[in-house]
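Read top to bottom, the protein sequences are chains A and B. Numbering-wise (the numbering used here), the first sequence opens with residue 1382 and increments by one. Numbering-wise (the numbering used here), the second sequence opens with residue -17 and increments by one.
Please note: incorrect hints may appear among the correct ones.
[What the hints assert, rightly or not] Covered by chain A, per the in silico footprint, the following chain B stretches (three or more residues, Cβ under 8 Å):
1) 20 to 31
2) 78 to 92
[Said to hold, decoys possible] Here are the computed distance ranges between Cβ atoms for each label pair:
3) B/Thr47 to A/Arg1399: 30 to 36 Å
4) A/Asn1440 to B/Ser10: 19 to 25 Å
5) B/Arg63 to A/Leu1420: 19 to 25 Å
Keep in mind that the hints were calculated from the coordinates and are not lab data. Built from N, CA and C at the ideal position, the CB exists for glycine as well.
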Amino acid sequence: DSGVTQTPKHLITATGQRVTLRCSPRSGDLSVYWYQQSLDQGLQFLIQYYNGEERAKGNILERFSAQQFPDLHSELNLSSLELGDSALYFCASSSPRNPAEQFFGPGTRLTVL
Amino acid sequence: DAKTTQPTSMDCAEGRAANLPCNHSTISGNEYVYWYRQIHSQGPQYIIHGLKNNETNEMASLIITEDRKSSTLILPHATLRDTAVYYCIPLSRGSQGNLIFGKGTKLSVKP
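Work the whole structure out from these sequences, hints included.
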């Protein structure tokens, strides 16, 4: 158990819809990262937040957005969903002492029909 | 960040040492080498990292060549639970920590 929680575990929705994925970091970690893992693209970094502020952006689509709240939990919002958005979405957290030593949650499996 | 080359797949007998190589010939002086693994569809798991000295922790050992162009992750006594995809990731000191995962090595530990 990494200490990072993600909800929901599974999500099935239709094209065009909007969903929100939630992540709670490990206690004391200020950074939250979101990654997407699809069959054809592998694991890809999407976005990072540090103590409520966006710190880095990767291959995140404009239809996707994220935020980190004062209690440090984070949400990833995916809108106008397409079939190709079906993937595993992982959240990770880390401490400022070693940002690259990340603790990953169990992931949310999104299926877009 | 430096590019990496890892074998697509490797097999290892249970109880034997698993040696997973990674070539990172373009690594720069301030880049660490991080190793992660992903057991089927679970979240990736941090294993170990190093800069130039060999490192060991409770999970594995990391051997980095003197020229730093390659490294080897060693699982001393592989178990079936070590079957996973292993990723070698160079990352510069001071980085925000955005991990760039390549294709990794699929390690299969066989009884």
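Status of each hint after checking the structure:
1. Under the rule that three or more residues need a Cβ within less than 8 Å of chain A, the assignment of the region 20 to 31 of chain B holds, with 8 such residues.
2. Counting residues of the region 78 to 92 of chain B whose CB lies closer than 8 Å to any CB of chain A gives 8, so the stated coverage by that chain holds, three being the minimum.
3. About 49 Å separates the C-beta atoms of threonine 47 of chain B and arginine 1399 of chain A, a value inconsistent with the hinted range of 30 to 36 Å.
4. Distance hint for asparagine 1440 of chain A and serine 10 of chain B: a CB-CB separation of about 23 Å, consistent with the stated range 19 to 25 Å.
5. Against the hinted window of 19 to 25 Å, the Cβ-Cβ separation of arginine 63 of chain B and leucine 1420 of chain A comes to about 24 Å, which satisfies the hint.
Taken one by one, the earlier hints fail for this structure only at number 3.
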